[in-house]
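**Q** The residues making up each chain are set out below.
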Amino acid sequence: MKEITVLSFGAVADILGQSNLKLSNLSSTDELMQQLEKEYPALKNIPYAIAVNKQLVTGSASLEHNAIVALLPPFSGG
Amino acid sequence: MKEITVLSFGAVADILGQSNLKLSNLSSTDELMQQLEKEYPALKNIPYAIAVNKQLVTGSASLEHNAIVALLPPFSGG
Amino acid sequence: MEKKLKNIFVRGPVAAAFIADSIQKHSTQTGIGAHSIFLGQVRNDVVNGKTVTAIDYTTYEEMALEQMHGIREAIFEKYELTCMHVYHSLGTVKAGEISLFVFTSAKHRKPAIAACEEVVERIKKELPVWGKEVFEDTTYQWKENHP
Amino acid sequence: MEKKLKNIFVRGPVAAAFIADSIQKHSTQTGIGAHSIFLGQVRNDVVNGKTVTAIDYTTYEEMALEQMHGIREAIFEKYELTCMHVYHSLGTVKAGEISLFVFTSAKHRKPAIAACEEVVERIKKELPVWGKEVFEDTTYQWKENHP
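Protein sequences appear in the order of chains A, B, C and D.
For the first sequence, position 52 matches number 52 in this note's numbering, and the numbering has no gaps at all.
For the second sequence, position 58 matches number 58 in this note's numbering, and the numbering has no gaps at all.
For the third sequence, position 24 matches number 24 in this note's numbering, and the numbering has no gaps at all.
For the fourth sequence, position 145 matches number 145 in this note's numbering, and the numbering has no gaps at all.
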């Protein structure tokens, strides 16, 4: 069974109510986002980027077993 | 009698062998330079700027009584 | 990942004494002619009548250190630097305290100054770090960086 | 001259502890978000086989302070700064020690960084200060600034 880890930060973690989720049987980041936005509609209203295994992705990316997907609201370090 | 003070710094002071000279009866910076370069020929070989009463002058400037003339080799602070 | 990534994160604020120590350590490197330092300090901004008392910083550390590694390599490629040090706070940093310390050194001033500025810009833009601006009444808002 | 000119000159090197104190003092100014610092450090350059051990700085102080006053006014006119501090050494500063400390602070990083760089450039170009590079054998040469 294909498992992935979803890490969330900042405002995204506030919406999800947790910063670390384990999910199964998702083949792409698009599919993941659809599922999350259905469960947490407030996600649709905030900007965030997606990293898979610490690399930012644009568009949809396929997810391997054990992929780590990070949901990254706009950075505000410094 | 018209008196002026000549301050010199850095490489110019090295050539003049002193940093503070009192001179009389010089009406312009050109006249002053001619006199100094005659007495200290090495002055002709180094670059320097001239300030009269702390203001840089270009070309020849007339000298009032009590004028302070400064001979300024290239700055190298910092 | 096999590569050893340099840590940049420190718990809480960067102390002035720590900055002094960093400067002092460079006195043995007598080929250095110029240091450029940037310090980010937490402001007590007022938002809708409420004052920011602190920023609470979090990061995605594994990714941030990889990003920083890439920035460091690009900066050393681009500028003739002797050395570069970066420290970023995690956790609570109160208004008036320092949360970012970027320190570049070079033989001549131009590379030191240009590298420092570029590192600061890239840190703000590229590092997955988030600042939570905490108000007096313990409510908060997520910080947005000024462009 | 009636105007009161701020002094910038210090005897000997600028100590790291002095820099730390200056930074620390700004922690009460909680409207500041960014500090930019430039430090000039004496290099032990080798010239014709002889090593520079120290620089001996002299100035035409009255003129230098007037020039610096003008620079300060122009910088505050041009950039949104909270404050600016400049310290330049006079007398002997050994290799590895600091001879120039420029410190600008602002709400946002861009004015702090740009002002600091501009002040450094103007100091090097416009202040009547001379550095005598002294070698191990006590001979010397007059320093020339790198453009």
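Treat the hints as calculated values from the structure; they're not laboratory data.
It should be emphasised that the depicted structure is a prediction, and the values quoted were computed from it without experimental measurement.
One or more of the hints may lead you astray.
[Stated by the list, open to error] Derived DSSO-like pairs: lysine-lysine, alpha-carbon spacing no greater than 30 Å straight-line:
#1 Lys125(D) - Lys22(B)
#2 Lys44(B) - Lys50(D)
#3 Lys25(C) - Lys78(C)
#4 Lys38(A) - Lys132(C)
#5 Lys54(A) - Lys4(C)
#6 Lys50(D) - Lys25(C)
#7 Lys124(C) - Lys107(D)
#8 Lys4(D) - Lys25(C)
[To be verified] Examples of chain C residues lying across from chain A (beta carbon under 7 Å, computed):
#9 Gly40
#10 Leu65
#11 Glu66
#12 Leu100
#13 Arg122
#14 Pro128
#15 Val129
#16 Val134
#17 Glu136
#18 Tyr140
#19 Trp142
#20 Lys143
#21 Asn145
Glycine included, each C-beta is placed from N, C-alpha and C at the ideal position.
**Q** Compare the structure with each hint and give your call.
**A** Results for each hint:
no.: 1; hint: Lys125(D) - Lys22(B); verdict: holds (29 Å)
no.: 2; hint: Lys44(B) - Lys50(D); verdict: holds (28 Å)
no.: 3; hint: Lys25(C) - Lys78(C); verdict: holds (25 Å)
no.: 4; hint: Lys38(A) - Lys132(C); verdict: holds (26 Å)
no.: 5; hint: Lys54(A) - Lys4(C); verdict: holds (16 Å)
no.: 6; hint: Lys50(D) - Lys25(C); verdict: holds (25 Å)
no.: 7; hint: Lys124(C) - Lys107(D); verdict: holds (16 Å)
no.: 8; hint: Lys4(D) - Lys25(C); verdict: violated (37 Å)
no.: 9; hint: Gly40; verdict: holds (5 Å)
no.: 10; hint: Leu65; verdict: violated (10 Å)
no.: 11; hint: Glu66; verdict: holds (6 Å)
no.: 12; hint: Leu100; verdict: holds (5 Å)
no.: 13; hint: Arg122; verdict: violated (10 Å)
no.: 14; hint: Pro128; verdict: holds (6 Å)
no.: 15; hint: Val129; verdict: holds (3 Å)
no.: 16; hint: Val134; verdict: violated (13 Å)
no.: 17; hint: Glu136; verdict: violated (20 Å)
no.: 18; hint: Tyr140; verdict: violated (9 Å)
no.: 19; hint: Trp142; verdict: holds (5 Å)
no.: 20; hint: Lys143; verdict: holds (4 Å)
no.: 21; hint: Asn145; verdict: holds (5 Å)
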